[in-house]
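S.K.: So the protein sequences, as listed, match chains C and E.
Everything in the first sequence is counted per my numbering, starting at 110 for the first residue and increasing by one.
Everything in the second sequence is counted per my numbering, starting at 0 for the first residue and increasing by one.
These aren't lab readings, by the way, just hints derived from the structure by calculation.
Keep in mind that this is a model prediction, so the values were computed, not measured.
Built from N, CA and C at the ideal position, the CB exists for glycine as well.
Among the clues, some could well be false.
[Stated by the list, open to error] Among chain E residues calculated to face chain C with C-beta under 8 Å, some are:
| id | residue |
| --- | --- |
| 1 | Leu-43 |
| 2 | Tyr-48 |
| 3 | Asp-96 |
| 4 | Tyr-99 |
| 5 | Pro-102 |
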Amino acid sequence: EDQVTQSPEALRLQEGESSSLNCSYTVSGLRGLFWYRQDPGKGPEFLFTLYSAGEEKEKERLKATLTKKESFLHITAPKPEDSATYLCAVQAVAGSGGSNYKLTFGKGTLLTVNP
Amino acid sequence: SQTIHQWPATLVQPVGSPLSLECTVEGTSNPNLYWYRQAAGRGLQLLFYSVGIGQISSEVPQNLSASRPQDRQFILSSKKLLLSDSGFYLCAWSALDTQYFGPGTRLTVL
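One chain only, chain E, in its complex shape (with noise of 0.2 Å):
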């Protein structure tokens, strides 16, 4: 079966400060991965989206970027993060239509 694996599963960080955000699917082959923001009070929103690997597209114009270096490896980064980056991050995998979600990242930045 497949699972999909978030970390850190929490961060604290300070303003101006670089973000690495690692997640890693397993039991599945070139899966479609998918970067999510759940910030309180609103829905989820879609970051970023991988259909292969080196194959990026962007949701939404941030401060943040995404990679994916292997197949199943998908990465959210920063070069200095803000205060409004705060939230819940989800990463997610589809083979067809349905996208399951990882245990996500509770990002805060002081």
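This is chain C alone, in the form it adopts within the complex (with noise of 0.2 Å):
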């Protein structure tokens, strides 16, 4: 079963603290990782798709990084605009026990940037 794990569960900074959130996973292949941003009562926002290892992609402020077995989302000099819960997900390769379409998210991580 595929599985998802994000740490941690909620960061506070300070307004331009860099730091990192992590997004651990076990799926018996990958066809892709996404990340998403979701703020309080909205539905989650789509950041990036990375799909595969040593992969990097960057919007603004974010940058997300790809190993073998996690991804980063690496926040530089952040903004408490960047406040929100960042979500991470999985999808596995069709044929390799899951569904072709199903995405197996992690609980999150609640950023919180203090001005």
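Hey, can you piece these two chains together into the complex? The hints should help.
M.R.: Written as structure tokens, this is what we have:
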């Protein structure tokens, strides 16, 4: 069974204080790893898709990286508007025991950035 | 560009009452459609997905059902709600791998 574990559960930073969120995963064959941002009471907003170990993607103050066992979401010089819950999800390769479309989500990391 | 709508935004229903949540997608054809539930302290749980009209796959056996009467319309239903059905219900669509989520419906069953 595919599993995703995110750590820490909550992270409080001062504005400008860089840090990283971790997403560890277990999947029989990785099709893709996805990062989303979710604000309170809203649906998740897509950030990145990573497909293979060594891949990196950036968007403004966020950079996502991928290894064979985990992914990191690096936040550089965060601002209060970066406060949100960040969700990680994996999608398994078709025929490896999982649905071709199913995303398995972690519980998320609640990030709070204080001014 | 693509847009996904869900309604209602919030709903309070008594135990034993029926449920119908609707999701529609604009700006794309033949999308894959998904229903997720997000409960407090838990990750998003996939309930149903659909690759075409009338084609529904269930991930978790439960009190709910789904239907896709039109290409870009996805409906989540229940004949009799349980307390445990409370949660945040999210609809999503995809063309390839990436899933894009709607604004969600907050359901409270009393």
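S.K.: Determine for every hint whether it applies to the structure shown.
M.R.: Each hint, compared with the structure:
1. The interface hint given for Leu-43/E is met, as the beta carbon of that residue sits about 4 Å from the closest beta carbon of chain C, less than 8 Å.
2. Because the beta carbon of Tyr-48/E sits about 5 Å from the nearest beta carbon in chain C, less than 8 Å, this interface hint is met.
3. About 5 Å separates the beta-carbon of Asp-96/E from the nearest beta-carbon of chain C, less than 8 Å, and the hint is met.
4. Interface hint status for Tyr-99/E: upheld, as the beta-carbon distance to the closest one in chain C is roughly 6 Å, under 8 Å.
5. For Pro-102/E, the suggested interface contact is upheld, since its CB lies about 5 Å from the closest CB of chain C, less than 8 Å.
In terms of the numbered hints stated before, the structure departs from none.
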